[in-house]
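Chemist: Protein chains in written order, with our numbering: chain A, 1 to 540; chain B, 541 to 897; chain C, 898 to 1091.
Check before you lean on any hint, since a few could be wrong.
[Said to hold, decoys possible] Mimicking BS3-like on lysine-lysine, the simulated pairs with C-alpha atoms at most 30 Å apart in a straight line are: (1) Lys354(A) with Lys247(A); (2) Lys899(C) with Lys46(A); (3) Lys884(B) with Lys321(A).
Rather than coming from a laboratory, the hints here were simulated on the basis of the structure.
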Amino acid sequence: MAKQMKPNEIISEIDYKKMPEGSWLDQPAEIKPGMFCWGAKAKSIKTVGFPNARDWNPSEEDWKLPENWQGTVLEAMKDRLGKYRSFKLFMDICVRCGACADKCHFYIGTGDPKNMPVMRAELMRSVYRKYFTTPGKMLGKLAGARELDIKVLKEWWSYFFQCTECRRCSVFCPYGIDHAEITMMGREFLNLLGLNIEWIMGPVANCHVKCNHLGLEPHTIVNNVEFMLDDIETVTGIRINPSFNRKGAEILFVTPSGDLFADPGTYTCMGYLMLFHELGLDYTWSTYASEGGNFGFFTTNEMGKRLNAKIYAEAKRLGVKYIIGGECGHMWRVLSQYMNTWNGPEADFLEVPKSPITGTVFENTRGTRAVHISEFTADLIKHGKLKLDPSRNDHLKVTFHDSCNTARGMGLLEEPRYVLKSVCNNFYEMPQHTIREKTFCCGSGSGLNAGEDIDLRMKGGLPRANAVKHVHDKHGVNLLANVCAIDRATLTTSMDYWVPGVKVAGLSELVANALVMKGEKERTTDLRGEPLPNKAGGDQ
Amino acid sequence: MRFLVPLVAVLVLVLLAIAGAGAHLQFLLGVVVPYAALAIFVLGMIAKVVGWGKAPVPFRIPTTCGQQKSLPWIKQNKIENPSGAGGTFIRMLLEVLVFRTLWRNLRTEMHGTPDNPQLVYKSTRWLWLGGMMFHWTFLIIVIRHLRFFFQRVPGFVQSIEHVDNGLKFLTTYPAVTNPGKLSAALHGFLQVGMPMLYVTDILFITAVTYLLLRRIFIPQVKYMTLANDSFPLFLILGIGISGVVMRYFHRVDVVGVKNLAMGLVSFHPVVPSSVGSIFYVHLLLVSTLLAYFPFSKLVHFGGVFLSPTRNLANNSREVRHINPWNYPVEVHTYEEYENDFRAKMKMAGVPVEKEED
Amino acid sequence: MKLTDLLAEKRQAVLDRWVEHIIAGYPQETSNFLRSQKDRFSNPVGHAIIEGTGAILDGITQALSHPGQAAPAVSGYLDSILRVRAVQGFAASSAVSFIFELKGVARSVLGSAAQGPGMNAELTAFDKEVDRLALLSFDIFMQCREKVLQLKADELERQTFRLLQQARLIKSQEEENKENAPEGGKKEEGEVTR
């Protein structure tokens, strides 16, 4: 970031856009302020028992690596090549056709050619060729192979933390090469050397011990919810009384802890509370399974599994029948494609989810027994079980941002749209190749939503914001709805920079605003305390 | 270096073949090298595919490109987000046969007036077109070559040749119905002194040239290009050019070639004396391609079938996907958690398992 | 011929040269992408530059041909270009330099036609207008940088807001107990929520 730079750095800045001539194989990465996140702290690394716990600074020369770190990485690489067909295959079959090149939000925003997905993967492939293929061993650089030295390692660190694992490239790759897989492997190796970022390791350590990323202790969670209940009462006149860690409940509700704490996620959280109250749902919150998200997934496969295990374990302890999950992107990637494989055998006592209100059996969740809140709500609305007044959202012109993970790792596309169209009268889609499976990342996913890399985040967020700006200019869109906690936090910032005047809200917040509850007083404001459209001028 | 070294390498191969043919090394070039190359190709590809196959697929990670199967009244996209074997099969079929994914490339342009802007969607499908042209004509040309390996040319090979010779029909048809000067001239050009012209030959050379030129002239693609990319293109271009030269300009003794080919497949190799050196150039380049194949990116030919983001059904919420190396991990248990926070939980009215430490 | 007429005549040539200058500041692999990818959604950076330069040049021409009137607003277009550059690691000086480049670009495209009699005064007016926009650009760039800092602060506040709210409410509740006036406490909470 320019303000933190020394004068001589600024001078060198001026020419930096000119890339040196020659092959990319010889061009080291720059660790630039505003573009990277602080290194993981010793304390966080130690908490989860990861190796090489020490405090370190990425912008310093010495990264305090363990001895024989090359050996460690290469051994792990060999191991993972034998464990993941995806990894082995994706190392071999890329033809560098370039179809993925301009599909990455970080390439579009930074213009750095190494942010073309194919190039980010080549950083890894060049090392793979050197140590694991015959032509690479024999021909070296001519075959695009290079040794794993400290410069290459730093390049890995820099670029594998400039990828949000959004998988947009894999939609466009003719062989389905998913660069998220390569980033995940890259981060797995880096973690063996204690090279992660604090914005990921801190939450992971928190989540390990305190069971959520924000490190909220049980009484804090309860207090936070209490405050939301106060706000709900102010708006609706209804006092809600949810339960925590209650045994014998039918349903365990799990949501990212960001919803409990950070605005505007809290309004989404109020939405859940109001919806479930109105339905009279027999459900419970849990302070132990108080994190739906999984930053462990952004460190190593094993850590992802360790954190995820708590959800089924808590379901078992409380004796619930099934799970409903809140609005979160990567949480649903994990719940859809990983949870049952990792920890499924622990959960065979659960029952196939069946809506107690409509009787609908969620056949598609027969294995995980975890229903997405949008699936659950869409079913309710379809059966006419909710009394809705969409005109309460008439002051909003809404567009919908598909989260990368729910779109490309699940296929949750129509459910949230159906809900949205039922609770809002003004809905406008963004251009077709910026939504659904082609959706652009918020620019801050996979644990990159820190403060210190704000320049990177704004650049990565540009393609998404640009599409929002189009509907903002054309239709006057002033609200960006989504089903992801990281979106709620980071798109708010991105909109503030790129498209001022567009706010960000979770779907359930809009549902709750439109929801006509039994015994409620006449509402004059929405959940944010802003006057409702037809009550404008109404006294507060 | 990324272009020059591979180009020189291919030229050296050409010279080697010419020199070899001149030095009476026909047996080496016509029998030993092709057998060795084929052996390397077959064994190498088997080793490669077995190597991939041995690595398990620990997680079910299809890239979903359409609506999932969920509530009965929401229409699932059964091909882009398949939940069963049928949809997955069709998805793979479209991928392999018509390069469905490359077809997906879209761009929008702004049209209309500034007051009334219109978004127009356009496709950027040059790469798709180039890829399709290249792979399909390559396949057809390989099939056409089967005529050298059968005593009686199989019917389907003849049919393909017949269709491939479509250009003749195109020129013949107007020449008959409307004998204008141009079509007559074209007809004459294609007939006189020339064998039948195959459409695939033209398309193939065009496609390879396009794929090569985009690597040289599009800066982004040039940046990512390695010798590993330009070498096979130069090699394939060399094969195509030597083939075309043999067929249309510097004809070789086809009967001799066929004898050699039949000898190879029947394991009674014979070396005809009458085949020109240009044939050995062609053969050496093909042999090089075969031998190089398993060690190069060309293995995508087999790999595309194994890609876990495409060849798996998205049903991991419905059916448990088994990871063969899944192992138990250390979890911070509820008991440990309650021990840490029991007092605070009680204070907040959260039920606990044990009242006291 | 007047300078404004010359500019109108050679508009596309000036713009092409100008865009080339701006885009040449990026790595070659990227500059081609910025130039050739016409899709405004796949290429927002290139789109902002191409659309913005056209509007800025038109704005200058208009300001020169109607000297008495208020200059047309081009700050929105400057903003689109500079907002991107403000997070792309440019120093302020290089981020706004593209405006100054217009002087040289216009002179080299117009060539000898711009050296005709009476052109001096018009060129001076042209330069002055460019300078005005350059100063405006500095302001916009600095606003963007400040905005980035503000974003960080705002984000932190949103992340810790509920904690602060709790801390303040707990405190205010103590005060409530002392003063025995619960309504006051409630009101304060409502204010915090704004």
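Chemist: Decide, hint by hint, whether the structure agrees.
Modeler: Okay, the hints, checked on the actual structure:
no.	hint	in the structure
1	Lys354(A) with Lys247(A)	holds, 19 Å
2	Lys899(C) with Lys46(A)	violated, 74 Å
3	Lys884(B) with Lys321(A)	holds, 28 Å
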